[in-house]
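Q: Using the sequences and the hints given, assemble the complete structure.
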Amino acid sequence: MPPIAPGTRDLRLDFFRGLSLWFIFIDHVPGNIMTWLTVRNYGFSDASEIFVFISGYTAAFVYGRVMKERGFIVGAARVLKRAWQIYVAFVFLFVFYVAEISYLATRFQNPLYTEESGFFELLQKPEIVIIEALKLRFLPANVDVLPLYIVLMACFPLILWGLLRRPNLTLAASAIFYAVARYLDWNISLYPWDRYWFFNPFCWQFLFVIGGWCALGGIDKIGRVLRSRAFLALCILFLVYAAVLQLSWLIPGVTRKFPSWMHILPLNKSDLSLFRLAHFLALANVVVRFVPIDATFLRSIWARPAIICGQNSLEIFCLGVFLSFSGHFVITEISSRKYAHFLISLAGVLIMIAVAALMSWYKGLNRRVEKAPPPPAGQKNLEEKVA
Amino acid sequence: MRLLAAAIALLLAGIAPGHAQNCTVNPELVEAPSFLPRVNAAVTKEGKLAILVISAAPSQVGQASGLKSYPSFLETTLKEKLKETNVSVFAFAVPREPIGKVLKALPGALQEHKPDLVIWQTGTIEAIRAMDPDVFGDKLLEGVSLIKADKIDVILMNQQYSPRTDFMFDGTPYTDNMRWVAQSKDISLFNRYEIMKYWADNGVFDLNAMKSDGTYEKLHRCLGGLLADFVLRGASLPGSPDNHRK
Numbered sequence: 004m005p006p007i008a009p010g011t012r013d014l015r016l017d018f019f020r021g022l023s024l025w026f027i028f029i030d031h032v033p034g035n036i037m038t039w040l041t042v043r044n045y046g047f048s049d050a051s052e053i054f055v056f057i058s059g060y061t062a063a064f065v066y067g068r069v070m071k072e073r074g075f076i077v078g079a080a081r082v083l084k085r086a087w088q089i090y091v092a093f094v095f096l097f098v099f100y101v102a103e104i105s106y107l108a109t110r111f112q113n114p115l116y117t118e119e120s121g122f123f124e125l126l127q128k129p130e131i132v133i134i135e136a137l138k139l140r141f142l143p144a145n146v147d148v149l150p151l152y153i154v155l156m157a158c159f160p161l162i163l164w165g166l167l168r169r170p171n172l173t174l175a176a177s178a179i180f181y182a183v184a185r186y187l188d189w190n191i192s193l194y195p196w197d198r199y200w201f202f203n204p205f206c207w208q209f210l211f212v213i214g215g216w217c218a219l220g221g222i223d224k225i226g227r228v229l230r231s232r233a234f235l236a237l238c239i240l241f242l243v244y245a246a247v248l249q250l251s252w253l254i255p256g257v258t259r260k261f262p263s264w265m266h267i268l269p270l271n272k273s274d275l276s277l278f279r280l281a282h283f284l285a286l287a288n289v290v291v292r293f294v295p296i297d298a299t300f301l302r303s304i305w306a307r308p309a310i311i312c313g314q315n316s317l318e319i320f321c322l323g324v325f326l327s328f329s330g331h332f333v334i335t336e337i338s339s340r341k342y343a344h345f346l347i348s349l350a351g352v353l354i355m356i357a358v359a360a361l362m363s364w365y366k367g368l369n370r371r372v373e374k375a376p377p378p379p380a381g382q383k384n385l386e387e388k389v390a
Numbered sequence: 006m007r008l009l010a011a012a013i014a015l016l017l018a019g020i021a022p023g024h025a026q027n028c029t030v031n032p033e034l035v036e037a038p039s040f041l042p043r044v045n046a047a048v049t050k051e052g053k054l055a056i057l058v059i060s061a062a063p064s065q066v067g068q069a070s071g072l073k074s075y076p077s078f079l080e081t082t083l084k085e086k087l088k089e090t091n092v093s094v095f096a097f098a099v100p101r102e103p104i105g106k107v108l109k110a111l112p113g114a115l116q117e118h119k120p121d122l123v124i125w126q127t128g129t130i131e132a133i134r135a136m137d138p139d140v141f142g143d144k145l146l147e148g149v150s151l152i153k154a155d156k157i158d159v160i161l162m163n164q165q166y167s168p169r170t171d172f173m174f175d176g177t178p179y180t181d182n183m184r185w186v187a188q189s190k191d192i193s194l195f196n197r198y199e200i201m202k203y204w205a206d207n208g209v210f211d212l213n214a215m216k217s218d219g220t221y222e223k224l225h226r227c228l229g230g231l232l233a234d235f236v237l238r239g240a241s242l243p244g245s246p247d248n249h250r251k
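Chains A and B supply the protein sequences, listed in that same order. To convert, take the position in the first sequence, counting from 1, and add 3; that gives the numbering used here. To convert, take the position in the second sequence, counting from 1, and add 5; that gives the numbering used here.
Hints are computed from structural coordinates only; laboratory data are not their basis. In this text, a Cβ means the ideal position worked out from N, Cα and C, and glycines have one as well. Hints are not guaranteed to be accurate.
[Claimed, not checked] Computed spacing ranges between beta-carbons, pair by pair:
1. LYS153(B) to ASN44(A): 29 to 35 Å
2. ARG73(A) to LYS109(B): 55 to 61 Å
3. LYS128(A) to PRO32(B): 43 to 49 Å
4. GLY113(B) to ALA350(A): 49 to 55 Å
5. SER217(B) to GLU130(A): 27 to 33 Å
6. PHE345(A) to THR29(B): 51 to 57 Å
7. TYR342(A) to SER241(B): 39 to 45 Å
8. ALA236(A) to PRO32(B): 36 to 42 Å
9. PRO114(A) to LYS156(B): 32 to 38 Å
10. LYS223(B) to ARG302(A): 25 to 31 Å
11. PRO32(B) to ALA175(A): 50 to 56 Å
12. SER241(B) to VAL247(A): 40 to 46 Å
13. TYR342(A) to LYS73(B): 34 to 40 Å
[Stated by the list, open to error] A few chain B residues that don't get close to chain A, going by computed Cβ distances all over 10 Å:
14. THR29
15. THR81
16. GLY113
17. ARG184
A: The structure is reproduced here in structure tokens:
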């Protein structure tokens, strides 16, 4: 496995983003019992929050420096190039998805599922579906986080400009936008029917901006409160409460025995319910406390698989979506036994690690080639690695 | 690559057990239904039981006795178990329409069929069309309140387990909202998704067939039987052999 890029980078970002990518893959294989190994069942928030927060954090960290040193235009150009890469990845996954559902649409005629077959009405006008997909108004299953990422990155030059000049004001504006969007039910509509984006960008931008705000020094301003024992205890208490509630929800009839003020489930994921947001922030605060930036574990060989996945997040996310389709195919075609769930999840994560190692190797090659003009190359590599 | 896939297939196929056809499910899946006072009173005092099954399923419309879907098997099972009672099941569907249209048709259907129990199957079209789950929950709550206002009992039923299409749309948020409504109104949710998934995972039924393979009727017979049991236990009536609680 290639060595990890040196420097003062916070490896926790890569590690936990890598972990969230594994979780997203495992959770995306329908009915996979291995989801018990992910965070989903143990609290309100899940891997999506981890991914969006860390993406906001790293984007602000990397492009913030570019924008500070080389100005708004260069910084914005770099961000938009990234947005374009994500868009291309989205189109790539759309092709696979359409191939799979078209195959099913022409062959699947089981009378048990006449109602479910209504889904294939989607494909009645392929010429429209393709155009709508290119406009991000038709989304394949499981890629919902990509269009969110594209829109956030497309708007990021302005957000970043604000975060660099007036961080607190920008964060406040983002919070107000979140509140108004939730209150007025703003979202982006989809083709066809009256569908909407699963990750409402008007709401989820708040978490992305919180990540950016933390990366650009905001976290230091409130560090004393976050690190206080009382606040930590409060966070842990909230995490325990969330875990009890979420686990009890999985057993029929248990939650209704709780007092009515505990009847808050299910929480709205599309609009990023405040309970989910609070849960993620509490979780992040506790994790940051117990996994310090210089933890020896992060430099050990055991952390490296997750770290390299986190460093190649876009490619590994797309691979994860593709693997979840394949995993579903294996479950329907070959076996749906628990054993198969385990093998599929394990094989999927191993493939993700292998591909991430290959990607890091390629980047290492590029770095050596670009060594001739050293200063800009160093910067570019860091940017490619982290964002 | 193909060889490897074949080897894995062979390996995994060896694990699936041979079995005799039955309707056994994990008892937790059909446990502790909420009390159905109206059903109890109708059977014990009036000697009749009228059930209305509401859905958006195109294959479930009309007098239950004319169908080979779970409503008709529910009717035959209940008639066997409640010999003294005049049991009738009517399946009412607004085919492939989301809950808003069903809600509009609800008062008329209640007036026409005067049921003692409504079994409301929902959440599929809504999941396919990615309706806002919160809006779905609110509409369902409105509908259930309307039914309960007439002192009619309600059982909710969620989507089927469809392994082929499972990755295209996620029913979980809709089932979660149904559980929320069930909790707020103290009614039961018959978790059809988990029951069918249990059957599929344990090799009771093969739900992967691309075309008709005769599973439809066998599966609906099992569902109807389980549902009849669920109703009898919910109404604390005799006749439930608890044969699935092994």
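Q: In terms of Cβ atoms, is chain A entirely out of 10 Å range of THR29(B)?
A: holds (17 Å)
Q: Just double-check THR81(B) for me: nearest Cβ-Cβ distance to chain A has to come out over 10 Å.
A: holds (20 Å)
Q: For the range 51 to 57 Å, tell me whether the beta carbons of PHE345(A) and THR29(B) fit it or not.
A: Violated - the Cβ-Cβ distance for PHE345(A) and THR29(B), about 24 Å, lies outside 51 to 57 Å.
Q: Please check whether SER241(B) and VAL247(A) have a Cβ separation lying inside 40 to 46 Å.
A: 31 Å Cβ-Cβ, so the 40 to 46 Å window is violated.
Q: If you check the beta carbons of PRO32(B) and ALA175(A), does the distance land in 50 to 56 Å?
A: holds (53 Å)
Q: I want to verify a distance hint. Is the separation of the beta carbons of LYS223(B) and ARG302(A) within 25 to 31 Å?
A: violated (58 Å)
Q: Holds or violated: 27 to 33 Å for the Cβ distance of SER217(B) and GLU130(A)?
A: holds (32 Å)
Q: Take the C-beta atom of GLY113(B) and the C-beta atom of ALA350(A), compute their distance, and say whether it sits inside 49 to 55 Å.
A: Cβ of GLY113(B) to Cβ of ALA350(A): about 54 Å, so the range 49 to 55 Å holds.
Q: Quick check: does the Cβ-Cβ distance between TYR342(A) and SER241(B) fall within 39 to 45 Å?
A: Once the Cβ atoms are compared, 41 Å apart, the range 39 to 45 Å for SER241(B) and TYR342(A) holds.
Q: Okay, PRO114(A) versus LYS156(B) on CB: inside 32 to 38 Å?
A: Once the Cβ atoms are compared, 37 Å apart, the range 32 to 38 Å for LYS156(B) and PRO114(A) holds.
Q: TYR342(A) and LYS73(B), beta-carbon distance inside 34 to 40 Å?
A: holds (35 Å)
Q: Taking 55 to 61 Å as the stated bounds, is the beta-carbon spacing between ARG73(A) and LYS109(B) within them?
A: Hint holds: Cβ distance 60 Å, inside 55 to 61 Å.
Consistency with the previously given hints fails for numbers 6, 10, 12, 17, ordered from lowest to highest.
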